[in-house]
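Enquirer: Spelled out from the first residue to the last, the chains are:
2 protein chains.
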Amino acid sequence: MDRLKEEILLHGEVRDGNILKVDNFLNHMLDVNLLNEIGKEFYRLFKEEGITKILTIEVSGIAIAVLAAQYFNVPVVFAKKVPSQNLDKEVYTSKVFSFTKGIEYTIRVSKKYIGKNDKLLIIDDFLADGNALKSLLDIANQSGAETKGIGIVIEKGFLEGGKILREEGYNLQSLAIVESMDQNNIVFRD
Amino acid sequence: MDRLKEEILLHGEVRDGNILKVDNFLNHMLDVNLLNEIGKEFYRLFKEEGITKILTIEVSGIAIAVLAAQYFNVPVVFAKKVPSQNLDKEVYTSKVFSFTKGIEYTIRVSKKYIGKNDKLLIIDDFLADGNALKSLLDIANQSGAETKGIGIVIEKGFLEGGKILREEGYNLQSLAIVESMDQNNIVFRD
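In order, the protein sequences belong to chains A and B.
Residue numbers for the first sequence follow our numbering, so the first one is 1 and each next one is one higher.
Residue numbers for the second sequence follow our numbering, so the first one is 1 and each next one is one higher.
So here's chain A without its partners, still in its complex pose (with noise of 0.2 angstroms):
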């Protein structure tokens, strides 16, 4: 998508540990013009794929996956990182480690929710090496429900977890790769 492309040339700052800051049009500021976009690409790309429902992880999975749900007329999933005493009794429970904050930490998505029913869309904002997505994955594999394709938002090709994913068969879609970064550059891949 090149308008997104431009924006990360344009406002992403690169920082040590491969961190790709856009705090300001989809991490902290969110240009929901640009979201909704993103939202209406998404709809391309799996529109013939029978979706249910999208499941995506908080916090910023959330925007992207509310505006592309308006097309696809379904309803959202976020799973949730912070236990909350609301919650079901009944999730579906999944261990992630962060590499970007060093932590582990569990994910919970409600029984209620996601079933064998279900085709699911999986949206995120970014893809490193892939661990809240293969939890997210896992929450789906328990549940029965079976995942159509997974749209992200800005891949970082130059580490292993879109590599994996396509390997293992998932119509994997992002819709921007970067190939390289540092202080100085940006690169895409083609």
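No lab work stands behind these hints: they were computed from the structure.
Hints should not be assumed to be uniformly reliable.
[To be verified] Heads up, simulated DSBU-like pairs for lysine-lysine below, C-alpha to C-alpha not over 35 angstroms straight-line:
1. A/Lys89 with B/Lys21
2. A/Lys112 with B/Lys89
3. A/Lys81 with B/Lys5
4. A/Lys95 with B/Lys119
Model the placement of chain B on the given structure of chain A, informed by the hints.
Expert: Positioned in the frame of chain A, the structure of chain B alone reads:
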């Protein structure tokens, strides 16, 4: 909003500690169709206010804020609850005491993203004692922005938050105000 009230009556679960659990359309699974109607209603209520940005707080405010923002054609800024190493050093901060969780936490907004030329609409899912909202207002005031409106999906009208903010002169609009609730009954204010 009648459809919202119907959903609350149909799916809301009242729990100890004044908890109203609406996980199946607002806080875990997101009924994007209904949330879009909510966004449109906020636009109808605040469209004359010259809104330049919508301010909300992670997590559950984000979905409503982005869907509303489409109609206002403005960006969303969400206050962060979790410290992030990626956040700018220059931030507005404010402390929130959560009665639901029994803990105090700090919310943060980068100084880059709201400022004295902004006219803000503040959106959140729930209003109870108003502590989170007071902290958002504190951050708005620190930035010099003008708060032109506050849009709430569900207000617990039997608590003081809404009353105090209206007395302070804020243009606070809640789409459903719960006058009383227990495990058998939820009553709305007319």
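Enquirer: Of the numbered hints stated earlier in the document, which are not met by this structure?
Expert: Numbers 2, 4 - these are the hints that the structure violates, sorted from lowest upward.
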